[in-house]
Amino acid sequence: MMANTQYKAGKANHWRRFLANHLASGLAVASTIIVVAPLVAILLYLIYKGASSLNLNFFTQIPRPVGESGGGMANAIVGSAVLLGLGSLLGVPLGIAAGIYLAEFGRGGRLANFVRFTADVLNGVPSIVMGISVYALIVLPQKHFSALSGGVALGIMMIPTITRTTEEMLLMVPNSIREAALGLGVPNWRSVLSITLKTASPGVITGCMLAFARVAGETAPLLFTAFGNNFWSTSVNEPIAALPLQIYVYAISPYDEWHRLAWAGALVLIVLIVVSVALVRYVTTRGVLKGAS
Amino acid sequence: MGVGIEVKNLNAWYGNNHTLQDINLHIPANQATALIGPSGCGKSTFVRCLNRMHETNPIAKVEGSVHIGDLDVYNDASPVEIRRRVGMVFQRPNPFPTMSIYDNVASGLRLNGFRNRRVLDEVVERSLKHAALWDEVKDDLKKKSGASLSGGQQQRLCIARALAVDPEVLLMDEPASALDPVSTAKIEDLIFQLKSQYTIVIVTHNMQQAARVAERTGFFLSGKLVEFDTTHKIFTNPGDKRTEDYITGRFG
Ligand SMILES: Nc1ncnc2c1ncn2[C@@H]1O[C@H](COP(=O)(O)OP(=O)(O)O)[C@@H](O)[C@H]1O
Ligand SMILES: [Mg+2]
Chain A
0 MMANTQYKAG KANHWRRFLA NHLASGLAVA STIIVVAPLV AILLYLIYKG ASSLNLNFFT
60 QIPRPVGESG GGMANAIVGS AVLLGLGSLL GVPLGIAAGI YLAEFGRGGR LANFVRFTAD
120 VLNGVPSIVM GISVYALIVL PQKHFSALSG GVALGIMMIP TITRTTEEML LMVPNSIREA
180 ALGLGVPNWR SVLSITLKTA SPGVITGCML AFARVAGETA PLLFTAFGNN FWSTSVNEPI
240 AALPLQIYVY AISPYDEWHR LAWAGALVLI VLIVVSVALV RYVTTRGVLK GAS
Chain B
0 MGVGIEVKNL NAWYGNNHTL QDINLHIPAN QATALIGPSG CGKSTFVRCL NRMHETNPIA
60 KVEGSVHIGD LDVYNDASPV EIRRRVGMVF QRPNPFPTMS IYDNVASGLR LNGFRNRRVL
120 DEVVERSLKH AALWDEVKDD LKKKSGASLS GGQQQRLCIA RALAVDPEVL LMDEPASALD
180 PVSTAKIEDL IFQLKSQYTI VIVTHNMQQA ARVAERTGFF LSGKLVEFDT THKIFTNPGD
240 KRTEDYITGR FG
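Going down the list, the protein sequences come from chains A and B.
Each step along the first sequence adds one to the number in numbering that gives the first Met the number 0, with nothing skipped, and position 276 is 275.
Each step along the second sequence adds one to the number in numbering that gives the first Met the number 0, with nothing skipped, and position 131 is 130.
I should point out that these hints are in silico values taken from the structure, not numbers from a laboratory.
A couple of the hints might just be wrong.
Simulated crosslink set (DSS-like; lysine-lysine; CA at most 25 Å straight-line) [claimed, not checked]:
(1) K197(A) - K142(B)
(2) K197(A) - K141(B)
(3) K137(B) - K185(B)
(4) K197(A) - K60(B)
(5) K60(B) - K223(B)
(6) K141(B) - K185(B)
(7) K143(B) - K185(B)
These numbers were taken from a predicted model, which means no experiment stands behind them.
Could you put the whole structure together from the sequences, leaning on the hints where they help?
So this is what it looks like as structure tokens:
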């Protein structure tokens, strides 16, 4: 009797379940397409507009003066690398350290709440304001634009994203893991660095890459700091070229050839971001073991 | 070698909750001592006071004295030193998920700055053998993550990890309650082997388990130690009505 009614109920539900199941997977696939479509569209459009201007010169030469044709963005590519390197050198350690403080030491404390609030506000500060602030703090006292000031601006912009993802990832590490380490007689600081942070590291690295990719394309904070440079320079004390700046200058110029170079620059910028993110992922996940969660 | 544990007037709190009240007992060396009692009576709190894990909770407080051998746990040494001498195995197996089997076992030594490869190899092998896990994992020590083992194997891995730092006392807080009967039997066999070398304190709410593995048994109720005696006496002729009610299943 009992079994019979259950069987009937199961049959009646069969079609509803079938429909709900397929509707749900259909929606999931549709959303995925909607999310991926803009990225693919941008990439295809950049290739369409920019690929034809890409040649060896683009990667080996510096910009030519107005009127001369040809030239490349070699100095801007190297400049962007220098700026992002400086930015990461500042933003990654500070961001991770603040995240560790929030999750492992401050927790609900007053200072922690203040730091968390500051990070959220910092995240909302428009990038142009960041550029002007660093201009006032570094460029004005030094009386010249510099790669250093540009790197500082990018580094500060990286901090909030890294801090908040680090905090969230650390909070996801189960307490039993911390207790296991402490129970072995491992000092707390050591446990935080070698166990908790290590367990959370895939997420922390994702946070760093997010922050990196975000500032890699920033123009506004560099306008008053790195300033741009039409010549070779890798010195941190000189103004330095950067891909987004160069793209900006070329894109608003009246010359067709510069427009084409701007498209090519945008394509190179995106490819470089994708490659560096993939590279970091590859290097940092190589040692990961089978079956590790 | 194991050492005895002397607990005097131990009181513990979580905030205003007076979790342990005036606990006095002597846990003999090189024996297994079982702690039984209904959920929430303070068994975990008690064992966590023995290796000063209790104070890792910011709202926790302890008073009284604990001596492990001739070491005054709360006055002679730092919590970190105590925990190296008093190993702990938790209710849920908690191997480090990002580490290989080898690295899990070596972690206690490595994280305290010990680097000698040959000695580490030896310690890892010896600890895994002691924990009766060696034969099952010896071929993929460095290839497999600790988290990829079965629950019972993970718990034995955690025991190996605790043994690798060469403690004198091993605290086990319901080490088998999350495991299947076969894995449970393995853990119990292990406790039998280990007590010749370590002093073992095992929390369990399985009374057959207490009867099987422990020489002595303590019965906790609402934060008090009601009765502490030989396991035989507790299970055949308890001195307190409440102990008798509990072991005969009349409450809790
Ligand atoms: N982290 C904690 N914070 C606050 N109270 C706790 C905490 N852990 C345990 N307690 C309280 O302490 C008492 C004893 O708990 P516990 O020692 O875990 O008991 P048992 O292990 O015997 O089940 C219980 O009343 C419980 O609510
Ligand atoms: Mg408990």
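**OP:** Output the numbers, in ascending order, of every earlier hint that fails for this structure.
**Re:** 4
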